[in-house]
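A.B. asks: So the chains spell out like this:
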Amino acid sequence: MAEFLTDIQGIWEIVRFPLGALMCLAGALLCLVGTVGVLRFPDIYTRLHAASITDTSGAALVLIGMMLLSPGWLIVAKLFAICVFLFLTSPAASHALANAAHTAGVQPIIGRVGSSDADGEDA
Amino acid sequence: MHAMFNGDFGVILVNIFLLGILFAVAIAIARMRSLFAIVMLSGMYSLVSAAWYVAIDAVDVAFTEAAVGAGMSTVVLLGAMLLTSRTAKPEKFFFRLGPLLVCLATGAALIYATVDLPALGDATSAANAGVGYTYLQVGWFDTGIPNIVTPVLASYRGFDTLGETTVVFVAGLAVALLLGFGERSLAERIRNEGRTSNRGSKKAPAVSDEDPA
Amino acid sequence: MNTDHHVILRVVAKMLIPVIVIFAFYVQFHGDFGPGGGFQAGVIIAVAIILYALIFGVPAAMRAVPPAFTRSLAAVGVMIYAGVGFWALLQGGQFLEYQALFHEPPGEHHGQHIGIMVIEIGVLCGVSGAMLTIFYAFAGRVAEIRDEDW
Amino acid sequence: MIAAALIAILIGMALLMLRAFIGPTLYDRILAVNSFGTKTVLALGLLGFVMKRPEFLDIAITYALINFVSTIAILKFFRYRSFQVPLVRRGSGGNADG
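Chains as they are written, first to last, in the working numbering: chain A, 58 to 180; chain B, 3 to 215; chain C, 2 to 151; chain D, 7 to 104.
One or more hints might be untrue.
To be verified - In silico DMTMM-like links for lysine to aspartate or glutamate, alpha-carbon gap of 20 Å or less:
1) K82/D / D5/C
2) K58/D / D162/B
3) K15/C / D5/C
4) K58/D / E70/A
Derived from the structure by calculation, the hints contain no laboratory data. Fair warning: this is a prediction, and the values are worked out from it, not measured in the lab.
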């Protein structure tokens, strides 16, 4: 049993670095997709959607990847703290932004957006 | 191909990228008229410059930039901006010509001076070989503190730091003497609350011309 | 009309402000071993109180942390810093000579640790007090913004 | 591979910066700056891992905490004294108002 456990630990020590790097890369690509959405979507609310969703999920992927790569438990604790703070502040800021834009009377664009480039290329 | 993604090349690429972003943000700040956008872009500038300080290993400077530039300076700039107008006035062309020439001359002089600068992390440069090297050698024996920045700031240069703290104190005092201590709004608020007898966080619309029956 | 307009922000701020203050104290006392120190910790504490003022209104923040307290805090911080210098003078050393605080030979670090910790606390008080004084000076000149307006 | 992730996040930061420059309303700019802050937190963490000194995460924590404050401040103060100007500004950021 103990040999099996040490075996598991050895495999884990080998596996976690490529796994963590892969998760970092995946999260970074997700963030990149989100920023493309922020750049190309037509109005503030859809841009908010793109930025908010990819910020939370992509940031969580990157932070979990960095946790897998980290050399000590203090680093893991700090990364977990960053994760918690981002999960608290990022949706709250998005909510406040949408609320302020709605209060100020910014109208969403409803229906077809004139030219054909707005349809069919949302990811 | 493998050498592209490890070690120093990535850090150099990151440096160039961050400096490029800084340059673009600075140009955009100079071109904009809306002061709100300028305040937000200056916050962005401090974000990027803190990342760049981390990339060149100046961690304490990065920490100060992170603490001051993101929160404090944005709030103070907003408060100062609300006391003035919200947009900058465009200057006439001839009035812009003189500052442009001054900026070009200063920039040319600075670029000319960078030729003589030592490389980043050069051990034989004047800053690293002289008193800095001495501090690095004797710092642990003298103070027993691992982070060398803290003993240099607080122990070797303690008198300077006393002066800096006094400067911060005097700055706060001068702003308060110029703008008032901010207690007048609190007094008005309490008076309004006493008049409408509406306590707590109800946020009653505090119009003073309507007397409640 | 009776709904709380920013209930999400209030809840998040209530959870966030103590964490910011605790992180500021971590920065303060971890400055010997990593990046950080009194100046950064003072600014972070000031930012926590500014967040309170932004969410709950400037008058509420002025009741919690009065302006008279902040400007006294700034003065007290500078006095703590200078007091360490005079303490060293009274012990027979030079101004701000921490080695003389406990009459230690070179190589002993007790006086250095105590002296640096006390002056960092002085810097913390001075910087946070000055920053909050500046913030109150600006915030007191701007009319209060109602919750329904933003 | 971490360096590749870092470069991807930096490219994302550049795209967000573009949105902050051309944003038609001010809310677009606020959104871009807020998202830029999150990206900076991630970039600082990844930079620590690329330079093999992940002790520098304190700065990332500071940004994760403080970026929220600046966003809220800008949101709160933007509507002040805006009775004279139209609320939704369709033009670029360079229009003149009182």
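A.B. asks: Which constraints among the numbered hints does this structure fail? Numbers only, ascending.
C.D. replies: When the structure is compared with the hints, only number 2 turns out to be violated.
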